[in-house]
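2 protein chains.
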Amino acid sequence: MKINHNFLNLQESYLFSTVGAKFAAYKKAHPEKNVIKLSIGDVTLPLAPAVIAAMHAAVEDMSKRETFKGYGPDQTCYGYETLIRSIRGSYARKGVMLNDGEIFISDGAKSDLANILDIFSAENTVLVPDPVYPVYVDTNVMAGRKIVFADANEENGFLPMPDRRVDADIVYICSPNNPTGAAYSRDRLKAWVDYANERGAVILYDAAYEAFIEDGSLARSIYEVEGARDCAIEICSYSKTAGFTGVRCGYTVVPDTLTREGVRLGKLWARRQSTKFNGVSYITQMGAAAVFTEEGERQIAENIAYYKRNAKTIAATLDRLGIPYTGGINSPYVWMKCPYGMKSWEFFDYLLENANVVGTPGSGFGKNGEGYFRLTAFATAENTAEACRRMEDLFGSR
Amino acid sequence: MKINHNFLNLQESYLFSTVGAKFAAYKKAHPEKNVIKLSIGDVTLPLAPAVIAAMHAAVEDMSKRETFKGYGPDQTCYGYETLIRSIRGSYARKGVMLNDGEIFISDGAKSDLANILDIFSAENTVLVPDPVYPVYVDTNVMAGRKIVFADANEENGFLPMPDRRVDADIVYICSPNNPTGAAYSRDRLKAWVDYANERGAVILYDAAYEAFIEDGSLARSIYEVEGARDCAIEICSYSKTAGFTGVRCGYTVVPDTLTREGVRLGKLWARRQSTKFNGVSYITQMGAAAVFTEEGERQIAENIAYYKRNAKTIAATLDRLGIPYTGGINSPYVWMKCPYGMKSWEFFDYLLENANVVGTPGSGFGKNGEGYFRLTAFATAENTAEACRRMEDLFGSR
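Taken in order, these protein sequences are the chains called A and B. Residues in the first sequence are numbered from 56 upward in steps of one, following the working numbering. Residues in the second sequence are numbered from 56 upward in steps of one, following the working numbering.
Check before you lean on any hint, since a few could be wrong.
Identical copies look the same in the list; a pair holds intra-copy or inter-copy alike.
Simulated crosslink set (EDC-like; lysine to aspartate or glutamate; CA at most 16 Å straight-line) [said to hold, decoys possible]:
1. Lys-322 - Glu-67
2. Lys-57 - Glu-316
3. Lys-57 - Asp-222
No wet-lab data here; the hints were simulated from the structure. All values derive from a computational prediction rather than experimental measurement.
Bound conformation, chain A alone (with noise of 0.2 Å):
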C-alpha cells in the first residue's frame, strides 16, 4: 500500500493557526484589552429571513409522507429544477443566458474548485496568481500538477495580465479577488479569455465575491466577456452572497461550447458528480432557491450593503492616512500597504499591540504578499468603526 506521495509535498498551513494563536496569547498576557478581529473571511450577519422561512417549509416537507424527499433528481446531477431556475434568472439579469444542463448544484465554491480538477489530466500546467488562495495551489500539489504563478504587485494593480511566454493548461482568476480585493473589468478579463482560447487552455474563474461588484465595467461573470463560453468553468458561492458560510450550498457553470480534445467538459463533471457525490440537502437546496427571489434579493442586498460599508470605512481610513491599498469598494477585503516599510507579521505584531486590531499577513498567501496585509467586512459595524479609530490614532500622526 502506497499513499500518495504529492501529500508529502504540501506546505504545512500555519497562517490562520498562527494568527490565532498570537491572538489567543494576547488575549491571555492582556485579558482587559477589547481586541477586534479584521482577520476572519466568515460571514456575521443571520440568514435572509425568506431563506429562513423557505428551510423551515423544507424541513416540514421532510416530515411527512407526501411531500418526503430521497435523493435529489438524477437528470440534474441532484439539482432541484425550481433552484436551478433561480440561478438561470440570477444569470439573465446580468446579462448571461443558461442553457438546460448547464448548471450544477454542489456544496460550496471550495468543493467544486477542487473537485473539478478530477476531470484533467495530471500532466496540465497550471497557473495562478501570486497572492493566492491556498486551496488553488494545495490542491493541485495533491494531484502531482506542475504550477506555475502569476504575479500580483501594486505594479499590475494586483491584476496580472497574460504573459504569452509563459504556457499554461488550467488558469485560475478569482475577481474580485481573495486576498487582495482587487477586480478584473470586462476589457482586462477578454484578454485572459483570448490567451486560453488561443492555446485551448481552461479557465477556472472563481465568481466567490461577484455580489459585492458595484462598478459596472467590472464583469460579474466571466460569460459576459466574447469567447469565454469556449473556455471557462466559472464556480460561484452563496456563502458572502447569502451567508451560507454554515449551509454549504454553491453552484458551477460548465457551458455546452466548452470541449477539449473532442469531450464536452460538461459531460466528465456530471459523470465525476454523479459517481463521487450525492448531491446538496433539499433544505439547503430550498433555502438557496429564496436567495434570488425578489424578496431575497433585496435582503441579501441590505446584508451585502452593510458589510460594503464597512469595507469603504476601512477604505476611507486608508485615503485619510495615506496608506496605500486595493479592494474595499467591490470587494469585502482591503488588502493595504504595510506602513513603515513594515513586513506582514512585524505589522501584525505591531497592530495587535498597539490598536488591538488584528487582520491577516499578506506573507501567507504568496510571496508577492510580503509587505502587505488583509483586513475583511465582516465583523460587525461597530467593531470596524472602532478598529479605524485605533489605526487613525495610530497611523495619523506619522
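Following the hints, complete the assembly by docking chain B onto the known chain A.
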C-alpha cells in the same frame, strides 16, 4: 489541455436508466396497470420527529445574530462536537471505543468512499467484490488504478473470503452487502483483517446498512474485530439508518493507529478534507445529532423495523416458493436467484409483464450477478405485500 483520459475507460452505466426506460415504456403501453417498484434503493418514510424538531431549532439559530453559525469548527474538520459525541456514543454501545479526532463528518458515505481515494497512490491495486456497488469500481477507474475482483457467488454465500495469491493494496468490503444483502460474521471478517494486516493493505469498510443487522454474531462495525484498527477505515451513512438520502450526512472513521509508510492516514484525510471540503450544513448536523439520542434511536428503530418487515415479507414469499436468495434478514436487500434458470434481464421482463413488479437485474452489478435479481424493502408495506402476492400467484404453481 488534456482531459483525464481515465474517464474514457468508464463504462456508461445503463442499469438504472434502462430499468427506468423499460418501466416507463410498460406504463405507457398499459396505463391501467398498477406497477410496483421494488427496484429503488431510496427510502420512503419521512424523517423522525426528533430530527425534524432539531432541524427547525437549527434553522431558528441561523436566523439570529447571537446564535448564527458560519464555517464549522476547524479543529474537527468542520464537525460539531455534539454530533461527533453522539456518534462516539453510538459506537460505544456496540462496544467500540473511538478517540477524539478519529470521526470525520461528511455529506454522505458515497462522497467519502470516493474522496478517501485521494490519499492513496494511483499505483495501488484495488480488490472489489463482484457483484458490486458500481461506485467502488468507477472511482478507481477514474484514478487509473488496477482493479481485481473477488467472486461472490452461491458457493461462498456471496461472502468471498481472502485469497492469499491475490495481492491487493486496497480492499472494499460492504456488509451487509449491496446488492446481495449478505453480511459477514465477526469470524469471517477477522480473516479479511488478518489478510490486510499481513500485507499492509487497507480495508475500506462500507457500513451503510449496519443498522439493519439483528443477528448478534454479525459485525455492525469492523472495529468489533481485533486488528481492524491497524488496517481499516469505516464509512457510515445516515441515509438508510435515518432516512437521510435527501439530507446528506455520513461519517468516516480513521483510527489513530492506522499508519502506512510512517504516515497516519487520519492526518492525510484531515488534510484532504480541510483543503477540498468545507463541512456539512449546521442544520443537517444538528438533525443528525438527534438520531443517536434516546428519543431519536427509538424513532428510527421503528422506521427500520418497518423496512425489515418488508424484507421479511419478501423473504418469506421466496421461502414458500422455494426460490434461493441471500439477504432479507439483516439487510434491506433481497438477492434472489431468477427462477426457471432465467437470465437477469429476461427475468426483469418476465416479472414486469406477468406480475407488474419492477426489480433490478443482478447482471448490472457484475458478471456474478447474472441470473440474479435484487428486490428492495424500501417500498410501502402495502405495495410490498401486493408484489409478493403477485409473485406467489405467478410462481406458486411451478
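Structure-based check of each hint:
no.: 1; hint: Lys-322 - Glu-67; result: between (35 Å within a copy, 12 Å between copies)
no.: 2; hint: Lys-57 - Glu-316; result: between (31 Å within a copy, 7 Å between copies)
no.: 3; hint: Lys-57 - Asp-222; result: between (32 Å within a copy, 13 Å between copies)
Of the hints listed earlier, there is not a single one the structure fails to meet.
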